[in-house]
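Visitor: Below, each chain spelled out in residue letters.
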Amino acid sequence: MIGFGRTDRHFLANWWWTIDRWLLLGIVFLMIVGFVMTFAASPVIAHRLEIDTYHFAYRQIVFLAMAFVGMIIVSLLEPVQIRRLAMGLGVMALGGVLLTLMVGSEIKGSTRWLRVLGFSLQPSEFLKPCFVVTVAWCFAMQNTRLDVSGRLIGFALLIVTCILLSLQPDIGQMILLTLVWAAMFFLAGGSYLFLSAMSVTGLALLVFLYQSFPHFKFRLDRFLDPSLGGTYQTDKALEAFKNGGLFGTGPGDGKIKHVLPDGHTDYVFAVAAEEFGLVVGLLIIFIFAAIILRSLVSLRDSRDHWVQLAGTGLIILFGLQTIINMAVNLNLMPPKGMTLPFISYGGSSLLALALTMGMILSLTRHSSGQKRILSDGSADEIPLHKTLNLKGGVL
Amino acid sequence: MRGEVMPSLIRPGGDLVEATNAQLGIRLGDLEGHAVDITRRRIWLAVWVFTLIFTLLGARLAHLTVGGDGPMTVKRNTQPQVAQERPYIVDRNGVLLATQISAYNLGADARKVEDVEEMVAALAAILPGLNRQKATRFLSSNRRYVELMKGLTPQQYKAVLTLGNPALKMEKADRRFYPHGSLASHMLGFVGSDMQGLAGLEFFLDRSLEPLSQESLRDGRLPVTLDIRVQHSVRAELAKSIKKFSATGGSAIVMDVENGNILSMVSLPDFDPNLKPWNAGHQRLFNKATLGTYELGSVFKIFTASMVLETGAAAPEDTFQTSLPISIGRHEITDPHGEKRPLTVGEIVVHSSNIGSAQLALSVTPEVHWGFLERLGLIDKPELEIPELTNPQLPRQWGEVERATSSYGYGISISPLQALVAGAAMVNGGVMYRPRLINDDLPLGVRVISEETSTHMRQIMRAVVTHGTAKNARNSKFMILGKTGTARMAGPGGYDSSRLMTSFLGAFPAHSPRYAFIVILHEPQKIDGVYGTGAGWNVVPLSTDIVERIAPLLGVMPHPAYKPADNIILHKVREVL
Chain A
1 MIGFGRTDRH FLANWWWTID RWLLLGIVFL MIVGFVMTFA ASPVIAHRLE IDTYHFAYRQ
61 IVFLAMAFVG MIIVSLLEPV QIRRLAMGLG VMALGGVLLT LMVGSEIKGS TRWLRVLGFS
121 LQPSEFLKPC FVVTVAWCFA MQNTRLDVSG RLIGFALLIV TCILLSLQPD IGQMILLTLV
181 WAAMFFLAGG SYLFLSAMSV TGLALLVFLY QSFPHFKFRL DRFLDPSLGG TYQTDKALEA
241 FKNGGLFGTG PGDGKIKHVL PDGHTDYVFA VAAEEFGLVV GLLIIFIFAA IILRSLVSLR
301 DSRDHWVQLA GTGLIILFGL QTIINMAVNL NLMPPKGMTL PFISYGGSSL LALALTMGMI
361 LSLTRHSSGQ KRILSDGSAD EIPLHKTLNL KGGVL
Chain B
1 MRGEVMPSLI RPGGDLVEAT NAQLGIRLGD LEGHAVDITR RRIWLAVWVF TLIFTLLGAR
61 LAHLTVGGDG PMTVKRNTQP QVAQERPYIV DRNGVLLATQ ISAYNLGADA RKVEDVEEMV
121 AALAAILPGL NRQKATRFLS SNRRYVELMK GLTPQQYKAV LTLGNPALKM EKADRRFYPH
181 GSLASHMLGF VGSDMQGLAG LEFFLDRSLE PLSQESLRDG RLPVTLDIRV QHSVRAELAK
241 SIKKFSATGG SAIVMDVENG NILSMVSLPD FDPNLKPWNA GHQRLFNKAT LGTYELGSVF
301 KIFTASMVLE TGAAAPEDTF QTSLPISIGR HEITDPHGEK RPLTVGEIVV HSSNIGSAQL
361 ALSVTPEVHW GFLERLGLID KPELEIPELT NPQLPRQWGE VERATSSYGY GISISPLQAL
421 VAGAAMVNGG VMYRPRLIND DLPLGVRVIS EETSTHMRQI MRAVVTHGTA KNARNSKFMI
481 LGKTGTARMA GPGGYDSSRL MTSFLGAFPA HSPRYAFIVI LHEPQKIDGV YGTGAGWNVV
541 PLSTDIVERI APLLGVMPHP AYKPADNIIL HKVREVL
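Note that the protein sequences, when read in sequence, are chains A and B. For the first sequence, position 181 matches number 181 in UniProt numbering, and the numbering has no gaps at all. For the second sequence, position 241 matches number 241 in UniProt numbering, and the numbering has no gaps at all.
Don't read these hints as lab results, they were simulated from the structure. Fair warning: there could be bad hints in the mix.
[To be verified] SDA-like cross-link-like pairs, simulated, lysine to any residue; straight-line CA separation at most 25 Å:
1. A:K336 to B:Q196
2. A:K242 to B:H63
3. A:K242 to B:G67
4. A:K242 to B:G429
5. A:K242 to B:L163
6. A:K242 to B:A122
7. A:K336 to B:G58
8. A:K336 to B:T51
9. A:K242 to B:T55
10. A:K336 to B:H63
11. A:K242 to B:N439
Keep in mind it's a predicted model, so treat the numbers as computed, not measured.
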């Protein structure tokens, strides 16, 4: 066994004493809920598709294990390594998105998937955290280098990514990334004037999307006027919440999962609320909120601008995805296919989330940012542990 | 640390940038420190926004789950109350088919039991069906309520009362009782231990969207279209034949062609709804007449023939060459014992020619063909009050091969009920009635073929009896018409010639059919004294026996023109048609 004394200089010991353990605990809690919910919600789906009862459940266990290990490994990295990882993976993910446009398999009208080693991967899922970290770097550069306009580069990145995503087409992810970008721009110190200009442009763009993408129009129309019909999933979800009551119907006794096609993915929150009731539903909301708020407060104390921006960007990405999923489940928003982090079934989204949370865990470590490590590539020449972090911490 | 700007240790861009900045009079450390402070302030805003949104989500969740008009949890426990209102079911003559009998459930407060052994002994003396081991275990526990036995008779109830033991608790829990046992089991269905309808009409009683109208109830009794006398005759004859031919099972339905009333519906083997039918097993619970779908074989040819006559693709006297097999793609269609001469549309049916039938089907366009099957309700799930219904199994494509094989009943599986409903429309003047078990409104019919086509179909189907594959029915004085089908059953390795399903879809009396029927035998075996295993040798005589028994009950008179078969002058088919 590795001794985990505070003065231990082994990198794992260092990791243990610098990691935000409450944050880690919250994520592990979500993973456990995801594990339970997959067993509750997926057998009926598997049954309906006439495949092995625990097909989804077993796969999800494997994915959860992979995600956990991946997240821990990423959280062991130092900020500069995080950034290199993000840029490397980002380029690969962009390439992957391009590739899907050429050879991707079409599922439900969009080409978002690539088959890699027998798995279906969705490159756009991995693109999101990498995009955020890279944009954060650009924004931070604005104040460290006067010879380059970081914001302009960040804007260019947004445009390129949006064009690629709209070609898939994956309008939901596109809107999500734009929102995160705008939030980061604001946090980085962007002017209110520019932000208002962007909001107006965004609204105009939404109107344009409404006009030009029929399924977008379909969903929005039906959200605003349910009497048009075609709101089957929403109606069933509302029924499920009502049916759940305070303590739920009990595990396995929920009915919604028998009638919803997306009971194990997009509508897993409704399934959870039906079987476990308001109390557990509130607990899940609380854990999500706790993870987000704790990360934000922790990042607030960082003295490194890039760490601040990258961390908050990532947590906003995580938070927005959570909020959109829950709001759709609770019929506060028109239906948009968005998974509930760590709880919905789905390999790509789980692995991408592990990457996101691994990065956040790394960026919120006590040694990050506060010690003002670095915000650019010039650190390459000077080994970290010699210059800054006296506890070591280089892999 | 907070707010303190630490000296920068590393600078990007090296000296050049440093120099440029120095020229501009800017110290980068200040600039970045300033940006960090702005971000710090704005992160607070993000914290508040997230807090607000998550609070809203939580509030919305609370509102949806426990707010509004109360949770549904309350509703769930009220279901057993319907038990008291469950109507009796009677047949069309008022004969009781399903009723309630008084019964009681026995429980006990285990904490108040003083001597377990003594109590179990006392109870067992009254209740022969008591599980003594279980009762001992339950009574030895410390629970406030343990259930000892369900379904005590009034006599047993009285006897238990006289024990005078305050620990024993009894409550009235009426039980559903079916006086005729298994006779109409598949039609009536059954109820679960808490009187919830689980199958058949019992299921319908719980689930029908609208409450039963008062017109459909007579003194709290629900009359159904079934005639228990007919049902008894049909079931008895079917059971006899199943035994005689060592068949694995069979089914039969009798329907009034003028309104769709189902007079009898039998699927064998069946079960006794009084005796925990849910334990009866799939074989017995499965309703072959409505839930099973089968490739009915040649019975389908009547639909093919009526299609070409109705659409005018061929006139009754047009002939088709059937002496040579025809090839469609890699598929070859042959006739087992063909007539080596051109056949008319009617003769194709009478002699059951696959080659001819395929040509008939291909004489119309795929759209017309599909549309006609759709019009006859052979593409969709049929409608009936019971829940044991299913979609037909249709070919995945609709090319020439599929159309040709389906013209003689292969590659398309439908339920016997569907075949009967469509078949009745062939002979009743061309109107297809929605089948029904509850006769509470005007019959629902749509015209599917013209009266003229229907007349042709009657002639053709009568000729099947007088000159074709159903000659064993020609002696009936009730003038049967119909069409036989002998289909090989599909097994894991393709069609199995040793496993046949024989069927007869018919109606009587031929000159003006009033009742249609379909009778099916699964895997009948060859027996001594009978020439073959085809439909003509087992299911046709069976149908004749059924008709001979039920026609008098239904008030159908023997035909005045009836003469014993020996005296019938056999015309050539061509002249008859």
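Visitor: Please go over all the hints and tell whether each is borne out by the structure.
Guide: Hint check:
1. A C-alpha spacing of about 40 Å is found between K336 of chain A and Q196 of chain B, which places the hinted pair above 25 Å, so the restraint is violated.
2. The straight-line distance between the Cα atoms of K242 of chain A and H63 of chain B is roughly 9 Å, inside the 25 Å bound, and the hint therefore holds.
3. At roughly 8 Å between alpha-carbon atoms, K242 of chain A and G67 of chain B fall within 25 Å of each other, so this suggested pair holds.
4. Between K242 of chain A and G429 of chain B the alpha-carbon distance is near 53 Å, which puts this suggested pair outside the 25 Å criterion.
5. For a cut-off of 25 Å, the pair hint linking K242 of chain A to L163 of chain B is broken: about 47 Å separates their Cα positions.
6. Between K242 of chain A and A122 of chain B the alpha-carbon distance is near 48 Å, which puts this suggested pair outside the 25 Å criterion.
7. Among the hinted pairs, K336 of chain A with G58 of chain B is consistent with the structure: their alpha-carbon atoms are about 20 Å apart, no more than 25 Å.
8. Distance hint between K336 of chain A and T51 of chain B is fulfilled; the C-alpha atoms sit about 22 Å from each other, no more than 25 Å.
9. Restraint check: the Cα-Cα separation between K242 of chain A and T55 of chain B comes to about 19 Å, which is no more than 25 Å; the hinted pair holds.
10. Pair hint K336 of chain A plus H63 of chain B holds up; C-alpha atoms about 22 Å apart against a cutoff of 25 Å.
11. At roughly 38 Å between alpha-carbon atoms, K242 of chain A and N439 of chain B are farther apart than 25 Å, so this suggested pair is violated.
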